[in-house]
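Trainee: Here is what each chain is made of, one letter per residue.
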Amino acid sequence: MNAATLFGLCGAALVGIGLYGLITNPEPLRKILAFNLLGSGVFLLFGIIARRAAAAGLGGDPVPQAMVITAIVVAFAATAMAIALVQRLGDETGQASISSDSSETGEEKS
Amino acid sequence: MSLVMDILTICAVSAGALFFLAGTVGLLRFPDTLTRLHALTKVDNLGLGLIVLGLLPQTSSVLFAVKLVFVWLLVQLSGAVVTQLIAGAVRHHGADG
Amino acid sequence: MSIASVFDVALVALILTIGASAILVRTAFAAVVMFVVYGLLLSMAWVRLHAVDVALTEAAIGGGMTGLLLLGAVARSRSVNVDSVRVGYPLRLAAGALCALVAAGLAVAIFYPPAPVPTLAPMVMENLPPSGLGNPVAGVLFVFRALDTLLEKVVLLLALLGVWSLAPDHAWGGTPGLQVYARPDPTLIFLAQLLPPVGIVFGIYMCWVGAKDPGGAFQGGTVLAAMWLLVIVAGLQKAPAIGRLWLRVLLVTGPVLFLAIGLAGWVFADAFLAYPAGYAKPLIVAVEAALTLSIAVALGMLAAGPPVRAQQQ
Amino acid sequence: MIEAYPLLAFALLFPLGMLLACLWPMALLRMPSYLAFAPIPAFVAVLLVSDDSPLVVGPARLHLTFALDLPGALLLGVAALLWIMAGAYASPYLQGRPNRGRFAVCWLTALTGCIGVFIAADMVGFYLFLAMLTLGACGLIIQHETADAWRAGALYIGLGLLAETLLLIAFVLLAMDIPGDGLLIGDAAAALPTSPHRDLIIGLLIAGFGMKAGLVPFHVWVPRAYAAAPAPAAAVLSGAAVKASILGMIRFLPLDTALPYAGTLLAAAGLFAALYGVVIGMTQRRPKVVLAYSSVSQMGFIVAVIGMGMIAGDGRAALAAIFYSANHVLVKGALFLSVGVIAATGRRYLLPILLPVAIIAVGLGGLPLTGGALAKIVVDGPLGDGAANTVATLSAVGTTLLMLQFVRGLVTTASTDYEATAAPSLFWPWLSTAAASLIVPWALFLAVPEGMLPNPLAPELLWKALFPVLLGAILAVVLWRWVRRLPHIPEGDIVVVLDSCVKIAPAWGRTIEQAEGTLRQWHVAGISLLALTLALGVALLAQ
Amino acid sequence: MPAATALEATTADGALLVRAIILPVVGILLSFVLGGRYAERIAAFLLPAGLCVACIVFLKIWQSETSLSYIVGNWKPPLGITLRADGLSVAMMVAMAIVICLIGVFAHANFDSRVASVETRAPMVFWVMLMAISGAMNMIFFGGDLFTLYVALELLTFAAVPLVCLDGRAETLQAALRYLLFALLGSILYLVGTALLYGSYGTLDIVLMSQRVQIEPATLAAATLMTVGLFAKTALFPLHLWLPPAHAGAPAAASAVLSAVVVKGSFFLVVRLWFDAMPGLLSVAASQFIGVLGASAIICGNIVALRQKRLKLLIAYSTVAQIGYLFLMFPLAADPLHLQYGDVLTGGMLQAISHATAKAAMFMAAGLVYAALGHDQISELGGIARALPMTMFAFGLGGLCLIGLPPTGGFLAKWLLLEATIATEQWWWAIVIVAGGLLTSAYVFIVLSRAMGPPSAPLILRAAVPKYQEVAALGLALLSVLLGLVALGPIDVLQVGRPEAPMAWLR
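Chains as they are written, first to last, in this note's numbering: chain L, 1 to 110; chain W, 1 to 97; chain Y, 1 to 313; chain V, 1 to 543; chain P, 1 to 507.
Below are the EDC-like pairs computed for lysine to aspartate or glutamate, each with C-alpha atoms no more than 16 Å apart in a straight line: (1) V:Lys-464 / V:Asp-380; (2) P:Lys-309 / P:Glu-380; (3) Y:Lys-281 / Y:Asp-213; (4) P:Lys-309 / V:Glu-513; (5) V:Lys-464 / V:Asp-385; (6) P:Lys-76 / Y:Glu-126; (7) P:Lys-60 / P:Asp-492; (8) P:Lys-60 / P:Asp-13; (9) P:Lys-76 / Y:Asp-270.
Don't read these hints as lab results, they were simulated from the structure.
For reference, chain L alone in the conformation it holds in the complex (with noise of 0.2 Å):
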């Protein structure tokens, strides 16, 4: 087994585990921080993509690489919109949880 693959393999374990938080996780803010866990595991996957296809004297494929890239700024944009609605959220209702919803209890309030 290759350097590639074992990390290959890394990121799937990680993948699985940050569904696993993102869905079981009750709170929200480590259920972003799981979202950022599985986020990282699928980076992997592009980076052992990229390294696998090395060639032409570079240490892997700058295609993928360049794509991660973009994509670790478009998950850290979300990771901080989704941060400031739990914050708002928990400033508003003095809880933070979207577990159960509460669209019945909130048409009272309407």
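With the hints as your guide, set chains W, Y, V and P onto chain L.
Mentor: Relative to the frame of chain L, chains W, Y, V and P by itself:
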């Protein structure tokens, strides 16, 4: 010449690694925040310093060597400041902070 | 098994352990700390994958900035009563099993690479010289797939507007919060006075070097943003009001220049986002410089969060 | 002669234009007074058009085609007549009542739909105007906005849309069988006997049109809807609107090809409805409900005629059914209109009005010299001499009985004011309709070339027509003595079953809602996502 | 998509595609600099301009019957990115541009940025996001590269989420957070797929992919993950958890955009993926599976919609159900024995377009009712039809389109789908289609009957409703009704760029 350099590198890097090990043990074993900080910072400085020192002979250009030293200096700076901040926070909020 | 392999295996084991514990630990604070450590380890993995550009980006944005945001959120939410409905054990088990199956499927999919591994690396290297760039990743980002990069800048702007949109109505146009960090501390002030000059030089260097070596607008911009945040956190300077014209102008400078050069390419080089022969490198460097500034401001403002106070007139 | 297409286009565009004019509030305000004019172009078109060259709208590939064939022209003519009279009747009827504007809009919608259905020659157009007719009719039914009206409207539109859904499937199936791109109804009917889905299509068509026609057991909407609708609306609905389904059956079912099984089914269903309507109708008190059940019975009878035609593969049955329908259009229209007239008339002037009503009513049972008797003669051929004819006679007896029951009920609804008289603007349209219902069948009958049909004045035919009427009258007298013993059956009889189903439905709905709520929990949705991923992956692997 | 050869080059009018994408981007950048007070004016100029560009592209493609393509920066795939417009994309593009423009007209009342002397929050955010959505949709329709499409998808999500919580109430914030997180989950799954596909074929260009794609584990895994990720973003049952609260909680104009436009983006990508990027990969079992999801969406969504007490929630659940119809085209188009392909795609796209127009009109109508009454409880709508006749008429027309009565676009779409069910002998989908129509008619009837009924208490209108808002809603509703007339010709455009017979079946 290169043999001497290599020996120097091996010695210095090994010593640095040893310091890191000691620091990590200290971090885990010491009883409270302040003593942990103590272990960490001392070892951080020394360990990283030794490793940088050990790597210097291996550099190909002067610019690269300067970069290495620069890295060490920056870590020094941030380490010192962060330690100060943590210690300050501990004093302010108590040891559990 | 070579030393490198041992190192890789150890690194992977560590990444997985820290990653799993970031998910499983009890408190949010511990989880975030784990995540920051995880981010640093991951950059090492990127170096091992010969992707130094990505490693820098991951360390700066993935670990650093995201960690900063998460820590800030945890610090603020500690006073908030978190109502946590825990998912029942059987459901967790089911979720775990399904996650494991999905991960296993993914592992199978990547375990069998196609026989001749397809790669664009030779094509990139073949077409890179006309642009004058030495860094193939920068080449992909600014030459071959420039449209993606341009769009991604717009994404960043939209995300910033999205964060701002969470402000209360009266605070619109005002200054972001950042109170969590705002605790005047002589040590911090010292750092904030000493580090930024170094950091700014470093950031510019990173952007400059990106044309031929690893580095570039993102990484440089992140360093600049970090310096800026440091200054703000130390209380040396206030966070700018989001309504400020200079802030808005800085935010769009990069994308506007990028777009303008792209449109100029329409006139002078026969295609949108094409560079006229011979001028490619200076144009790209100019775009990168402008983008570095815009990214720095955008990242800084994203980290600073929505405005909370109306601007004092 | 005059070419068909400008007339056809005008017949359709005129009411449509009036409908669009309603978007303008001033026009809407006055529209109720002008309803009678809307169907006039259609009536003129029927009188003037002699060729059946079609009107084609749209480019070559996908277009709407309109044409006026003989059955369509016959029905359209009498229907337009009824719409004109009822429109004139509606104008004073609406005076001072709420929702006049909406009534006009729904009226025009239904009218446009009705005219369109009668002249549509392709399936899309037929479906389109049928839907328009249903929507407009629904609006007319809920005009009074009582709880009953809403319930009737809901039932009507529910069954109507269900019927249209079945028809839609049938049409799509038919469209697949037509060679080429065309969607002409004629081609569809021609392709039907050899279609691989023949039985399915015929089943769908019968069910769909049966629902629209009020065939048992889909008749549940009929009593409720007619009882709830205002008198002029009930007149056009029972008279003109339901005939769309008869026309549909004639257009779509291949009557030239013998299809014994389907024909037997249709005939049996129709004959059963013909008797069932009479029996249930006898237990009813309200005149409009009695009329509604009579409609069920009569429509059943017409369907039976079509069914008999299918058994024999006799295309002439279609014309016979159309003739019977045309008679029914005017008679039922006149009777429904009389309900409003009687309600405005005091005891003093009751008899002069009640007499023509009674004649027309009993005419439906086949009173000699009325349109009903002529209709019976016309359908005698297709019905044959077998069991069907016996049932037809029974039905005639029953209809007489039912109509006497109607007249008897009608008397009780007369105005309490002894001196009251109906307004002339209410009275004259009714009288014209009544007159038309007597004259028009004769005119039509005499237009048939001599020798095709027996002489209606022949003594044995007169007796054959009179004897069920007399029997019915005797039975009526006998029955009225026992009337207290008759069971009380709710309006719409088996609809109560439907009502109880409706009561169970919320429980099911709640269960589904709860399940959906569970699915919307975050972790459940997440687990579903994973499960979907795995399932889809496995399904993809199964190449 | 046209068969790409090594010779594929920018076509004559390809530059129009770039214009369609750049216009909104310029608008966003300008709004940032000039400030929110100008955002509306910028949008008022750029959105109609975008519509014009869309119409021109549409006409060009319709008349020339060939696709347009534009090679960005003159770098051909696999290295570079190509923008391509075929029949599907221009049809969707024109429809979405029209809907967005009319929503812009409607939104003027709520987000007038000129009334305040300084920049205000809601108008700035709304108009910029509206332009962003328009740009992102164009990008999704034209994008020829799967990774570019990922960025466009994220652009769409980031533009859509802030619209959900524009009024800042706690429950809308919660809805927005759910939406954001679930959408992120969806897009990250999509991203995994692109990684795997790149690993297998060394390109993400759709045309190149369609030439190289073959059945092997990584490709199937990629296809699965991308599809499910897009399902999550489209809110296909049972992954619809975020849709009802988000669409029901947002301001009316935002709900209209979200329901009519945004969900179509990810749906369009599913179509692109299976019919253009990976033709022939969809197994019968998988297509039936997708069909089952669509069918359960129709049945379940409609039944739950029937039970809603609030008008906007009812409409949101109706969206859940209508999304189901869109996915019925997969089992119908993927039957290898019959080459019904083209008509089914046309039917599905027409369903998407008619739902967009009808649903936007209905959400607008619901918003006006809410504005007038101060609530949207269905049981207390009595009398509103008399107070706002034009609004309720628009609602009714939209309802007719959803039910699928002629001559609406919904009818034509259902006709095409029904024909396909019969041609492929999959009658079970026909039952679902017609049952869905009946259930739809039930809730439309309930709402209309309540609205036309007498008020329980004397009706007090809280606010006067501007005429032009009613006109915008009515315009969209009429559009949805008249869509049936596209059968007279423009419908052909959907077939432009489709191969005569899908080559993948022949393998």
